[in-house]
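Engineer: Put chain B with the ligands on the given structure of chain A with help from the hints.
Chains as they are written, first to last, in full-length UniProt numbering: chain A, 1 to 275; chain B, 1 to 321.
FYI, nobody ran anything at the bench for these hints, they're computed from the structure.
We treat Cβ as the ideally placed atom computed from N, Cα and C, and that holds for glycine.
Be careful, since some hints might not be right.
Per label pair, the in silico range of CB-to-CB distance [what the hints assert, rightly or not]: (1) B:T201 to A:L134: 37 to 43 Å; (2) B:M260 to A:S171: 53 to 59 Å; (3) B:T201 to A:K34: 52 to 58 Å; (4) B:T10 to A:L134: 46 to 52 Å; (5) B:M91 to A:G32: 28 to 34 Å; (6) A:S74 to B:E109: 55 to 61 Å; (7) A:R258 to B:P263: 50 to 56 Å; (8) A:M160 to B:K170: 45 to 51 Å; (9) A:T203 to B:V256: 44 to 50 Å; (10) B:L130 to A:L134: 21 to 27 Å; (11) B:L130 to A:W137: 26 to 32 Å; (12) B:P61 to A:R86: 32 to 38 Å; (13) A:E82 to B:P263: 40 to 46 Å; (14) A:G32 to B:V135: 50 to 56 Å.
With a straight-line cut-off of 35 Å between C-alpha atoms, the simulated DSBU-like cross-links for lysine-lysine are [as the list claims (entries may be wrong)]: (15) A:K34 to A:K230; (16) A:K34 to A:K261; (17) B:K170 to A:K230; (18) B:K156 to B:K170; (19) A:K34 to B:K170; (20) A:K230 to A:K261.
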Amino acid sequence: MTHATARTPEKPAPAAAVPSLDVRDAAVNLGGVKALDGVSLTVESGRLYGLAGPNGSGKSTLLAAISRLLDLTSGSILVGGEDIMRRSPFQVARMGLARTFQTVRLMPQFSVLENAMLGADQSVYGSSFLRQWLMPWWTRSREARVRARAEAALERLHLMDLRDQPPLSLSYGVQRKVEIARALTAEPRLLLLDEPTAGMNRTERDEIGELLLRLRNEGVTQVLVEHDLKMMVDICDHLYVLDSGHLIASGRPTECIREPKVVEAYLGRGRRAAA
Amino acid sequence: MSSWYFSHLTLIQGMLISIPLALSVQIALRSGVFSFASIGFYGVGAYGTGILTMRGWPVLPAMLLMIVASGVVAYLMSAPLIRLRGLYLGMVTFAFDLILTVVATNGGELTGGALGLLGVPLGMGTGGLLAAALVAIVLVSQLERRSVGRALVGIKASEELVMSVGVDLKSRKRTVFAISAALGALSGSLYVSTFSTVSPTSAGFTLIITTLTMAVIGGTSSWIGAVIGTVIITWLPTMAATIGEYQHLVYGVVLVLVVMYAPEGVLGALRWLWRRLAPKVRMARPSGGAALAATGPPGGPPPDRGAEAEAEPVPADRVKG
Ligand SMILES: Nc1ncnc2c1ncn2[C@@H]1O[C@H](COP(=O)(O)OP(=O)(O)OP(=O)(O)O)[C@@H](O)[C@H]1O
Ligand SMILES: [Mg+2]
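The shape of chain A in the complex, shown without the other chains (with noise of 0.2 Å):
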C-alpha cells in the first residue's frame, strides 16, 4: 500500500452511480424535541464524510435513523439506492452497513478478540441453532473464518497483544479502538463512526486518522462524526454540520467550517469544538 494513506483531494465520484447513502426529508421527533429536522444529504460511495455540529445538534440521532435503530418520523433513507425505511436494523446491516456507538458496547464477559468476531458472526455463520447443534465441524471451520476476520481487524488497530483481555479492563481509548475493530470485521462498505476518537489522546487519534484513511481509500464509504474539526478537516472529502436538527452547512471541509453560521453555531453559544 504505497502512498496508501494519501489523500486523493478532487476524486470524482463514478459518474451516475447510486449514491451509498441518500437521506431525504428526514425528521425525527424524540419527546417533543425535533432532533432532526428537514435533514436532506447524499454520500457518494468510497468517500470519508464528516458529520459534525455541537452537542445535541442530532449527529448520533442521524446516524441511528441510517442503521435503524430510530424511526424516522418522516422522510425516507435510501442505502445503495434502496428505500430502507422498511427494513430492520439487522437486514440494513447484512447490506454492508457496519456502525460504531458513541457510547461504547462491549460484551464484559468476552475477550477483545471475541467482541470483534461479533462483527462477523452473522455474514459468516447466518444464524441458525441446529446447526449448532447438529454441524459441530461447520461451526468449527466458521469459527475459524470469523477468528482470522476478527485477528486481522484487531491486527489493524494494533489489539492483537490484548486480545484474550476481558474488555473492561482497559483503557477507554483502548476500548473505542475494540468498537472500530468489530465494525471493521462485519468489512462493511458504509461505515458510520459516532466519536471514535472520544476518550483518545493526539496520537491515537492520529492514528485512527490514518486508518480511516486507508479505508476510504480500500472503497469503504464512510460517515464521521467528530468534535474534532482538525481531523475531521484533515481527513473528510466533505463535511456535513448540523445544528439543532438542521442541516447548516455542506461542502469542503476547509470551507465548510469558515461559514459564519457553522462559527456561529460553534462559538456564539459558547461551545467549544474540542472534545
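Structural biologist: Here is chain B with the ligands on its own, set in the frame of chain A:
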C-alpha cells in the same frame, strides 16, 4: 453408599428433573427474555404426558409430543410477547402460568380437578432422568458457544448492538422462547412419569419462585450456574431441616440478596475467586501453568466460554452484569 442412594432417591430424581427447568429459565434470562412461561409449559408437559400415558400411550412418544407441541405453541405465542419489555413480559408470562393452573383446576375429568392426576404410569428410572438432564445440558451449553453464544450474550449487553451487527433479534428471541418452553415441558413430563402424579399447585406460584431462585442463585450467565443453583436448592432443605416451613420465605430473601449483592450468582463468585487465585496457583506451580492456561496460547483455540469457569490471565475488575 447404596443405602444413602435409596434413602435420597426422591431428592436425586427431583434434582435431575429440575435441571431442565432451571435451564429453561436460565437460557431465557441470559438472552434478555424475562419470561416465566416455561413454568406454565412444565405444567403442560406434566399434564399432557400424564393424560396420554394414562390412556395407554407409551411414555417416550407422549413426552416427545408434549415437548415438540410446547415448543411450537410457544413459538407461535411469542410473536406478540417478545415485543413486551422486561418486566411486562415477566408479568404476562406469570399470568399465563396462573391461568394454566386455573385451567387445570377446572379441567374436570380430563385433568382431575384440584386433586390433579393420580396413578400416572411410571415410565422413568433415574438413568432416564440423568440422560434427559444431560441432553438438556448439552443442548443449552452449545448455545453458549461460538456465534450463537456471542449473539445471545450480546443481547444482554445491548440489543441495539446485536441488531447492528446483523442479528435478527426477534427471531432469536422467539427461538429462545420456544426452546425454553420445550425444556419446561421436558421437565414436567419427567416429573409426572417419575412421581406418577401432578396437581394444579405443582406448576404454580411456588414452582416459579423455586425455579427462579435456582437459576439466579447459581448465576444466569452460563448453564453451569443453573446446575449449581439446582443442586443447592435441592439439597439445602435437607441440610437445614429447620427452614422447611419457611422454605419459600428463605428463597425469597436469598433471591433478593443475590440479585442485590451478587448478580452473577454463585458462578460469578467462583469465577471471581478463580481470577484472584489462579495467578497465585500458577506462580506456586509453574509446571501446572499449561493446565491452567485456559485462555489458550497465542494462536491457539480460544477458550470455550461457558464450558468451564475460565481463568483470566490478568485479574480483571469484577465484571458487572
Ligand atoms: N432518547 C431521547 N429522548 C429525548 N430526546 C433525546 C433523546 N436522545 C437525544 N435526544 C435529544 O435529541 C437531540 C439530538 O441528540 P443527539 O444525540 O443526536 O445529538 P448529537 O449531535 O449526537 O450530540 P453529541 O455531540 O452530544 O453526541 C438533543 O437535543 C437531545 O437532547
Ligand atoms: Mg452524539
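Engineer: That 55 to 61 Å hint for S74 (chain A) and E109 (chain B) (C-beta), does it hold up?
Structural biologist: With a Cβ separation near 59 Å, S74 (chain A) and E109 (chain B) satisfy 55 to 61 Å, so the hint holds.
Engineer: Using the beta carbons of L130 (chain B) and L134 (chain A), state whether their distance is inside 21 to 27 Å or not.
Structural biologist: 23 Å, holds
Engineer: Given the hinted pair K34 (chain A) and K261 (chain A), is their alpha-carbon gap at most 35 Å?
Structural biologist: 19 Å, holds
Engineer: Quick check: does the Cβ-Cβ distance between M160 (chain A) and K170 (chain B) fall within 45 to 51 Å?
Structural biologist: The hint (45 to 51 Å, Cβ to Cβ) is violated, given that M160 (chain A) and K170 (chain B) are roughly 35 Å apart.
Engineer: The hint says 50 to 56 Å between R258 (chain A) and P263 (chain B); measuring C-beta to C-beta, is that right?
Structural biologist: 52 Å, holds
Engineer: So does G32 (chain A) sit 50 to 56 Å from V135 (chain B), Cβ to Cβ?
Structural biologist: 54 Å, holds
Engineer: Check the hint pairing K34 (chain A) with K170 (chain B) against an upper bound of 35 Å on the C-alpha distance.
Structural biologist: 29 Å, holds
Engineer: Does K230 (chain A) pair with K261 (chain A) here, judged by a C-alpha cut-off of 35 Å?
Structural biologist: 18 Å, holds
Engineer: A range of 32 to 38 Å was offered for this pair. Does it hold for the Cβ distance of P61 (chain B) and R86 (chain A)?
Structural biologist: Since the Cβ atoms of P61 (chain B) and R86 (chain A) sit about 44 Å apart, the hinted range of 32 to 38 Å is violated.
Engineer: Is 44 to 50 Å respected by the C-beta to C-beta distance linking T203 (chain A) and V256 (chain B)?
Structural biologist: Distance hint for T203 (chain A), V256 (chain B) holds at roughly 48 Å.
Engineer: That 40 to 46 Å hint for E82 (chain A) and P263 (chain B) (C-beta), does it hold up?
Structural biologist: 43 Å, holds
Engineer: Is 52 to 58 Å respected by the C-beta to C-beta distance linking T201 (chain B) and K34 (chain A)?
Structural biologist: 55 Å, holds
Hint violations for this structure: numbers 2, 4, 8, 12, 17, all remaining hints satisfied.
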